[in-house]
Structures are given as C-alpha cells and as structure tokens.
Amino acid sequence: MAETALTTPGESPARAAGWQGIAADWSSDQRAFKNVSWGKAMMWIFLLSDTFIFSCFLLSYMTARMSTTVPWPNPSEVFALSIGGKHIPLILIAIMTFILISSSGTMAMAVNFGYRRDRVKTAILMLVTAAFGATFVGMQAFEWTKLIMEGVRPWENPWGAAQFGSSFFMITGFHGTHVTIGVIFLIAIARKVWRGDFDVERRGFFTSRKGYYEIVEIMGLYWHFVDLVWVFIFAFFYLW
Amino acid sequence: MVDVPYDRIADVPPAEVPEVELYHPKSWWTQYVFSQDAKVIAIQYSLTASAIGLVALVLSWLMRLQLGFPGTFSFIDANQYLQFITMHGMIMVIYLLTALFLGGFGNYLIPLMVGARDMVFPYVNMLSYWVYLLAVVVLASTFFVPGGPTGAGWTLYPPQAILSGTPGQDWGIVLMLASLILFIIGFTMGGLNYVVTVLQARTRGMTLMRLPLTVWGIFTATVMALLAFPALFVASVMMLFDRLLGTSFFMPALVEMGQQMKYGGGSPILFQHLFWFFGHPEVYIVALPAFGIVSDLISTHARKNIFGYRMMVWAIVGIGALSFVVWAHHMYVSGMHPHFGFFFATTTLIIAIPTAIKVYNWVLTLWRGDIHLTVPMLFALGFIITFVNGGLTGLFLGNVVVDVPLSDTMFVVAHFHMVMGVAPIMVVLGAIYHWYPKVTGRMLNDVLGKFHFWVTFLGAYLIFFPMHYLGLLGIPRRYHDIGEAAFIPSSAHTLNAFITVVALTVGVAQMVFLFNLVWSLFKGRPSGGNPWRATTLEWQTPETPPGHGNWGKELPVVYRWAYDYSVPGAAQDFIPQNQPPKATRAVQGAAP
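Respectively, the protein sequence lines represent chains C and R. Quick note: the first sequence, position 131, residue 131 per the numbering used here, numbers continuous. Quick note: the second sequence, position 409, residue 409 per the numbering used here, numbers continuous.
A couple of the hints might just be wrong.
What the hints assert, rightly or not - Heads up, incomplete: computed chain C residues facing chain R, CB under 10 Å, no partners named: (1) W38; (2) F52; (3) S60.
The set of hints was computed from the structure by calculation and includes no laboratory data. The beta carbon of each residue, even a glycine, is placed where N, CA and C say it ideally should be.
So that you can see chain R by itself, here it is in the shape it has in the complex (with noise of 0.2 Å):
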C-alpha cells in the first residue's frame, strides 16, 4: 500500500497508514459476549442502556399516578416518589442517553461511516462496556439496600443529598456515587476511543469535511464529555469523602435535630459549579448526537443534501464550546454575584445563534425536498418541533429575571423534558427505525412504527405542553403532594390528573414498539443492504449486517461527500460516498 506513487491529479492520494490485524475472536465467548467487536459492543451497549431506562420509564410511571392521583396509592410515600425522581433523573440523562448515544450509536455508527474495520483499540473498548455494565449494577443494586436508592434529586446537592432527613442516606447515595464513578471510569475508554478513530482511523479520501453530521455529532460531544465528566467524577469522589470520612468539602457547620453535627467550613455552592459545569456540557452532549443523527435522518428521508453542511458542522463545534461557559445559569438562585448572572445569561443566549442556524438548516433541508413520510421520517419531524418548542422555553429560562420566579416550577421540568428528554429519544427512536435494518437485516413494521410514532408524539405534546401552564401558575416541581393552596385552582389538579392518564397511554405504546422490535427480528421483511437508498459508507457494507471487520478484502475508497441525493443527470438520486467518479460520469454520459 505505501509503494503507491503519490498522484497529484487521483481521485483520492494513496493510503498512509498500512491496515491494522484485527482480533479475531476464537469462540462462541469471544465473538459474543467478551467480544472486541465494536458493533456486538454497540448493541450490549444498547440492550443495557434500555433495559435500565426502562426501569426509569416505570419510574416516571409511578410518579405520575403520584401526582395525578395523589393520597390513592398508599405505597407511594413521600420518600419513595423523592427516590423515583432522582433515580428517574439520574437513569435517563446519563445511563440511558449518554451510553445509548455514545456507547451504542457511537460504537455501530462511528467504524462504518468512517470506513474503519473496528475502533482503534478493541479491547479498551470491551472494557469500556463491562465497567458500564458494573456501574448500572451498582445504580440497579441501590434499590434492594437498606433504605433504597438516594433521593437527594439527580442534581445530589448537598448538604441535603448526605444528611439523614434524605432517603438512602445510608447505602443509597454511596453506591450512587460509586456508580457515578465507575461509569465515568468505563466511558472514558470508550471515548477515547471514539475520538481517535475519527481523527485517525478514517479511510482513504474520507476528509474531515467528508463526514456523515452523526460523525461530527457523536465526535464533538464524546470529546466534551471527556473534558465535562471530569468535573462529575472529582466532585463524586469529595462527596463520598464527606459522607464517608467526615470531611467538610461541601457540609458547612449544620445544626440537626438540635445537635451540632461535625462538619464545618465546606461549600456547599462549590458543588454546584462542580456538577453543572459537567451537566450542562451533558446537555449537549445528549443533543449534539442527536443533532448529527436526525441531519442525516432529514437528508435521507427528503432525498436531498443537507442544507449549509459547513454551516452545520461548525455550528455543532461551536455549541459544544460555547456549552461550558454557561454552567452557571443552573445556579441563578444560589446567591451568586449579579454580575455572573449577567454574563451566563449572555453566553446563554448566544447559543440561540448557532442552534438557530441548525434549525433553519433542517427546515431548509427540507424545503422543496422529496419528503418521503417513513417512521425515521416522522419522528426527525418530530424532534424538530419538540426541539423549538423546548429552545424557545430556554431563552426564557436562560434570562435571570424570568428564570427566578419560574425556578423549581413545573415550567422548568416542561423545559428540559421537551428539549433534553422528548426530543432526543424522537431522535432515538427514529434512528433505531432507520438503521435496525443495517443490523439485523430485517425492516421494522411500518404500521406499529406509526402507530408508535403518533401515539409518542402527540402524547408527549399532550403530557408537557400543559406543564408549561403549571408552572405559571406557580405549582412547584419535586413535590409529592402539592396539596390545597389558594393560588392552586381546582383544574390544576384535574390537568395532573389527564397528564397521568397522557402518560401512561404513551407507556403502552412502547410496549409496542418492544414488540415490535422483537417481532421483526424474526418476521421483518427482509431489507437487503441499503434499504432508505442512502449515500454514507455503512449502507454500503457487502454484507448486511456488516460482518467481522465491515468491509470484507479491500477497505472502502471514499470520493464526495454524504449528501449527494438527487444530483441533476446522475442514474439513480443518490451516489454513495464510495462511488468513484468514473463510474458516475460514465452514467451520466455527457455530463462533464
């Protein structure tokens, strides 16, 4: 490979790096279950991630029979619907989004669309997936302790999250923390992973200008949560030396129950910058996947190139540095200096700019295209609406004056459910509908996939749209039992309750969706190699799903970038990356 002269006037210059031996896996254990396969990694990923989120889907469940219904079931306490919400919390945005994007997504996505054999290191890989898999142990164990898992909210501040008056103050927070810890430990070498294998594992003619946006999606936010999580994982350890060893890094003197406590001297609003210089960075690190995917999504399904593609790329790389200077509009009622306030409220607000950009682009992308209304279709559809709807809510959260009377209200959690919840899993599951035929070979069923996309979308509207209004009206957020008060009208409690029964309906129809999921594994039509007629590496694989090493003798070439659908005078209206531009011109005859 290296002997090849270097021509200046070729498609693409001659490869620079000679191929790399892969592990081949010698028996049934290492080809599936301590496998150094990306794509079998990917789907434990996957399979993990879900099984726990649905653990945290039946928790929101519960909290909403709560909250509907409040005083009718009696094994819903006070204490228990605290730990249904910060293990529903804590569940979705990190142990379902995070390694669902990254671990999953990222692992399946990232080797096939950069035309690379596996990630660069396998085997840091494989254990990337076993030390996740022991931190949703550890989370999933808290419920069988003593005491249950921790209440303290997903946000843990202390001093409350370590002080007894909270649920699971004995092994609850603990293993949370642990938990914390190991999954931060197991995502860094995933993530490690992720990046070099874009930035030097590409395949010949794949430039960085090249990639599929899912790419630059998954790459930029593996990269910020490289530097994000450390911030999680140092402010994990000194909480679990507080309440392990006593130490006062958050506890500030405290009087409880009449007693003096031990601590003294700690911050408790250090932890605040602390975890939210990780999670607000974690925002975007479950949208910007979500941002790259659902690009893709609408390019395919409109059959029509993205619309300002360096516009798009750029505008990824620049929310996702502008998303750590931000952190402290999560804090504008902690006490903090006005002048802050200011100044995260401003960079709050320019990120309005280069999301807007993304959104104009989708719209445009859309514009005159040749929509075809499939399942993946529908719900990028769907998440763009869900997504203005919850980005235009930030711009009045991000200012300080409307954030403080709407802070700790239903308006907020209406916010970032429709922005950070809703919308990325319409991305999700509009992803898992586009790409289940490259990995099992088969199509999901059509008509369950509408049926399952209307009865999420609409429920979702109808679930968080109303909460908006309960916010306004001053009903706060973790409350058990927000009870009878004089600024709390009778159709509140009447709204909470159709919320619930909203709720529940959307539950059923993922039921659904799992049927469906394992039904088509077995029933599905057959999908052939590249069902959607789509241009990026993955569809072109030989075989379907991609076998061991992906591209069987001879890695891909790679001549133009993702987005060439409908091109005037080609055969077919989509060229694939990997066609070479002979082989187009000799179809289009004359064209130059």
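The following block holds chain C by itself, in its conformation from the complex (with noise of 0.2 Å):
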C-alpha cells in the first residue's frame, strides 16, 4: 500500500491525454484512478459527501432567511467590533478568516516537506497549522461568547429572526467541529512525523498497517476542504 502513489507498472504503454485518457483509465483493469491510493480516493470521496452535508445546512440556512417575515439582523452590526474607540464592522471575522486561509498556506508547505522526506520541517509546518486552527476555534469561541453575552440564543436574538441565531449556531458549531478534529489529527500525524514513523514504516496502533508520508497529504486535503468551506460560509453568512 505505501508505495502504491509512486509506482507505475513497468514499462506500460502511455496513456492518452484528456478524456480518452480518462476513459482508458475508467476502462482498464485493477484501478479507476491511476497512481492514486486507497487513502487518497477515500478522503475525495468523504469530501464529497462532507460537501453535500454543508450545502444541506446552506441551503435550509438561505431557506429560512430568504422565508422569515421578521428582519434579518445585519451582519455587519452583529459582527462589528469596537477597538481603540473605533466601530469596525466584520473585523473579528475578516482576521479569522486570514488565519484560517494562512493555516491552508502552512498545510501546503508541510505537504511539499513531507514528500521531501523532511522530517522536522513537516512536523513543524504541520504544527504551526494545527495552532493556527486553534487560533480559529479559540477566536469563534470568543465570538460565541460574545454574542450569547449580547443576548443571542438559539432560539431568539434581540434584533430579528430567531433562525439569525439557529443558523449561527448550528453552521458555525459544525463548522468548528471540523476544524477541532483536524486540529486534534494534524497534531497526532506531526508527532507519528516527528518520531519517524514513516521513516522506519512503524505500524500504526489501531490498524497495525505502514504509515507513509502520503498521510500529510491525505491530512491536507481535509484541511483545505475545511477553508473551502469556510469562504462559503463567510460569503453566505457574513457578507449576504
């Protein structure tokens, strides 16, 4: 399995380009998407199902909205921020989401040093990620706070439609979700990285299988699935 990213089979003939390539591919034995592992295929294919669970939420969210008959707080009220005397409106959420994109930045790094075998720089990158998500949920923790202390619940607010607060909370939450459990797995693959695991190909606890450095970047496409929909749900949520 480890290798199976790298290997092509031995002097195979080459393969059309384009979609007759594709159509080869989907056509020949063995496999559908070649020099693509188990892993890899498998996280694609949560992904797309992960995306049609959010687009659920954005949908029902841009439903009620689009429904209520009461007003719809104003993002950019709720959201605003008063520093150094100063009102500025989305501030909070403007300098989470330049964490969150920097973090997609640091994850692509770690994924380039992980196929260098580099094993300190990746286990670093990797880290520095897991913090700069950290940095996210501990910001979208405090605006959580904030707005539960201005009176917003889930099933009221003081400025208008209940479903302002619902969605807030549901989409946000599960959102954050997301990134705490891909801020829990970027720590544990940093240290199997850090500790050589997949240098020395230990085997893994759960699944007693070979770790390789493939991981990270199996890592990486969940973490830059998690942005994505971040900037969805910025644009749907704050900026509408």
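Both chains come to you apart, so use the hints to assemble them.
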C-alpha cells in the first residue's frame, strides 16, 4: 500500500491525454484512478459526501433567511467590534478568515516537505497549521461568547429573526467541529512524523498498517476542504 | 510483481499495485467479535439487521390485527398503532434493507467478487458495524423509554413530529433522530470502503465492465447513499435542535391548547424537501442492489448470459442519477407550485425507461434459457412479477392529477410495499438461498425453501393486491380504525380481516425459513465450492467458506466477463471468470 501512489507499472504504454485518457483508465482493470492510493481516493469521496452536508446546511439557512417575515439582523453590525474607540464591522471575522487561509499555506508547505521526507520541517509546519486552526477555534469561541453575552440564543435574539441565532450556532458550530477534529489529527500525525514513524514504517496502533508520508497530503486535503467551506460560510452568512 | 514486463498481447496486463498486508487476528475476540474481516462484518451486519427486522415484522402483525379486527385487541390503542407504523417503516427501510443490502451483501460479496482480499480499510469497516449496532440499540431502546417510541410516521414530518399530541414526544423522537445520525455516521464509514474497494482494489483483469451486476448495483447504491444521507443527517440535526433547543427551523408559529407556542417562522416544507432528497434516492438505494443481485440469479439459474450487459450497467447508473431529481413527487399535496409538479412528474416518468430496459432484459435473459426452478430462481421470478406490478402503480402515482386523490390512501401503501418492500425482500431471500452455501458450506433445505417461497409470494400478493382496491375506495392509510363511513362498504372490512389472516400466515412461513437457516447450518447437505456452477469469482475460492484473505496464496486473475454460460463448444455450460483462454481453448480443441 505504501508505495501505491508512487509506483508505475513496468513499461505500460503511454496513456492518451484528456478525456481519452480518462476513458482508458476507467475501462482498464485494477484501478479507475491510476496512481491514486486508497487513502487519497477515500478522502476525496468522503469530502464529496461532506460537501453535500454543508450544502444542505447552507441551503436550509438560505431558505430560512429568505422566507422569514421578521427582519434579519444586519451581520455587519452584529459582528462589529470596537477597537481603540473605532467601530469596525466584521473585523473579527476578517482576522479569522485571514488566519484560516494562512493555515492552508502552511499546510501546503508541510505537504511539500513531507514528500521531501524532511521530518522536522514537516512536523513543525503541521504544528503551525494546528496552531492556526486552534487560534481560529479560539476566536470563534470568543465570538460565540460575545454574542451570547449580547443575548443571542439559538431560539431568539434581540435584533430580529430567531433563525439568525439558530443558523449561526449550527453552521459555525458544525464547521468549528470540523476544524477541531482537524487540529487533533494534525497534532497526531505531526507526532508520527516527528517520531519518524513513516521512515521506519512503524505500524499503526489500531490498524497495524505501515504509515507513509502521503498521509500528510491526505490530511492536507481535509484541511483545505475545511478552509474552502469557511469561504462559503463567510460569503453566505457574513457578507450577505 | 511490479517487474513483470508489459506485454501487449498477454491476456491480462501485469499487476500495477503491490499486495497489501492483511490484518491478522491475534485472538478469539479479534477473529469473531471485533473482527476486521469483511466476511465476519457482513455476517454481523446481516444478523443485526435481521434481528431488528423481525421486530418490525412483529409490529406489522400487530398493525394488521388492529386493522383486520378493530376493537378486538384492547392492548393496541391509537397511540400505539401510530408507534407501530412509525417503527415498522423506519426499521424496514433503513435498519433492515439498507443495512442488509449494503452492510451485509456488500461486505460479503464486494471483496470476493472483485477479487480482493478484504475491504481497503478493514479497521474503518469494523467501526462501521459497531456504530451501526449502537444505532440499532438506541432505536430499540425507544420501546422501553417513558412515552415509548415516536409515532410521527416514518417520514417524521414536522411540526407534528415534535408536538405533544404525537406519541413518543418526550424521548422517542429524540432517540429516533439520534439513532438516525449514528446510522449515517456508521454507514458513511462502511460506504466509503465499498466505493474505494470497487474503484481501486480490483484484481488483475477485472475491468469495470467485467464486474458482476451485483457489484454494480451495490456500488451505485452506495455512491447514492453517500450523497443522499447527508440531507437526512442535516434534517435530523435541525429537528433535534427544534425539539431540544427550541429553535424554529421547521416550526411555524403555532397555537397549542389555546397557548401560543414559542416557535415561529420555520418552514415545515423545508423538512419535506430535505427528507425526500434523501428519501427518494433511498428507494433506489434499496432497489439497485436488488436489481444487480437478481440479474446474477437469473443468469446463473437460467444458464444464459445476461441480456444486454452494458445496457444493464448504464440503466443502473442512469436510474441512480435520475433518482436525485424526482424527490418532490412525494410532495404533490404539500401545496408547491404547479410548475414544479410538472417538472417532477416528467422526471419521475422518465425513470420508467431505464427501469423498463432492465425488466425487458431480465425477461429476455430467461427467453429460451435453460431455466432451473431452484429456490433462488423462484424468488428471482417472484421479484420480476412483484416489481412490474409495483412499478406500474408507480406510473399512476407519478402523475400529479392521479396522485392527488390517491395520496394518503391504501393505494400508496400497496404501491410502495409491492415495489420497495416485497420486491427487494424477494431478492434478499433469493440471495440468501443462493449464497448460503458459500457462507456456510451447506445447502438450505429445498422442500422447506419451496414451501417458504410459495407461501411468501402468493401471500404477499393476497396481502397487497386487495389494498389497491381499498385505496381506490378511498380508505386512508395510517388510520387506527377506519370506522363506519358511507363510502366504505362492509365488504372492505371483510377484506381487511382477510388480509390480516394472510399476513399472519406469511409471518409463520418466515419462521419456517428461520428454522431452515438454523437447521441447515448443522444438518444441511454439504454444498461443495460451487453448487450452482456459477462463473463469478466468489464461487472459485480455494476454501468454502472462504478463509481469511479469501484467495490463498495467489490472487485470482480475471480473463472474461461474469456471464459465460452455455458457451457453444465449451466443455461445461459455464466458464469461470478466472479460467484462462488457453485452458478453454484446450478444452474446445479446434475452436479458435
């Protein structure tokens, strides 16, 4: 399994480019996606399924927002902070978005160093990514606390439609859970990288399978997905 | 393996993927209980699903007792009747059929049929079962909590599902939603495994267009489930919040017992859309594995290649894709815009095309075949008949103007029981008779099997066919007691009593089947490795039942499609998928 992503068959004939190549791959035996390992294929398919979950959440929220007869609170006002006497709309969300997108950058670098088998740099960059993620969740906790102090509840809020609070807590909560799970796995995998598990092909505790550096990339797929989802939440919930 | 040179004229290209090490169990616990072997997980799934399915079967008897002899059984009151209906529907559709087809048959057959040693991620596969078991336990626990299980109907429509008038409002609905969420999490772990195994872990020579249709059916259904269950997940989470936190996603402003409730501004129709975006694909998640399995049963027992294999594959894929754009045909009476009704009626009727292709191809496979009326074949034939019957009434209900007066009558009950109740169950039973020898090494008893088939098949017809008539009379579904009304003739009551008697008889026949399953395990005739003389890989394993890792030392190599039955000139009337062309040519002698 370890090498599946990297091996190519002995002298296989060159495959045609474009659609013909895809058709050739799909009509061949053994694998529909050539040079894609099981783990990577599984993560992509999981992300597709997860996309449907977030789409359903966002569509439900949009339906609620469009059909409610009570005015919807103005997100620019609700998510404004006063810093140094200045009233800045959406400043916290802007910082959170910046942090999360930066974490995608460090994740991409970690994947790069992972394939170079640079143990230390990979682990450090993954930990930096995890730190960014944890900061994001922390700021989200701050945001939740602030709103709860102002009287926002899942079932009511001082400014208008009750669905504002319901959707806000549900969607950001579900996304925050994704980020938190990502942080936990980032730390776990960074530990394996640091310890050199993938160099000595140490076996996993639960699965007793050998690990390999591609796991860093699979982790990266998940992390970039979580970031991408945030962009949609940012656009549809905060900017609308 | 990798250094095998590529040879253009070889029958099968060299291996692209080195073999993966298997997880080997170290103790009795990891071999039989917390097992990572897909075959053991499949049996665990099947037993759990059957056990909870039996509960649902008993619930249906209780419902029939009440409907057939209203007022006779004092222990069934209106609330309990609604709870029985809800749990019967939910268990049968999700916890029995979905779990049995995908978790049971999928786990057992996919690795064997594609020539793999196991699922790609056995550990995740194991977790999938245990989360499923937890979901079943949570579901079953609702029978014992205060207030009992929810009585909201299996569709769980808000607002009534979480209002105090509905039984099970305290605990039942909460645990039901929690159980659904768990089921979806568990299923996702298994489903990802099935999809990746089919796509990425086939053996040498096994192209997608050489897969048995069983695998195509299960594979497509799993992909659909991975895309459809998210909608149910989201709907369950939101309703759970409505119930527990007092949010108003689905709850409009309501007055209950003269009191204005705290809800307001939510949309019950939104729930219906989410539910049926899951619910309609769910019908095909149950039907497509049945389509696939029945194709293999018919081909094997009629000793003839399946007619139009490519069309069968594309029909499965086409039905799967179309089923995502028809969901609102369940909502014609919800008051949606007539243009939507037009759109959804059109897409619904278009599904008849690929479905008809499949039915014609099954019949054409039978045409001039060497039909062996074995028990699996009888069930396969029974499936075709009930499915055509249920499918035709689907054409009625797919049309808006016909559906509106028939909506919420016994006609609908008859339709969906025929098409997605009886028909897939026929396939499940046929498949058990077909693959039981592979799982246990022993044949099921034939006489008991034929008895089981005829009582089940004729009984199912006698139960559900009269319901069409009751529905056309206007008798509503989900009513505890239809009472005396001018439009209901007294013969309808007699008919109801008749249906109940037949239903109980069919129920007893299932006990005969259970007895057969247990008895044959010890006393059945030894089957040998390939009792049906079938071509697909699972019958070619070195051991029966297949050992850990399925294939012994060498993985099989596939040289042909799965349907080489009665090939002219061949020594036997079947050629296994892993028989090299040279061996066949040697047997055939001069044949090219």
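Hints and how they fare:
1. W38: 4 Å, holds
2. F52: 4 Å, holds
3. S60: 6 Å, holds
No hint from the list above goes unmet by this structure.
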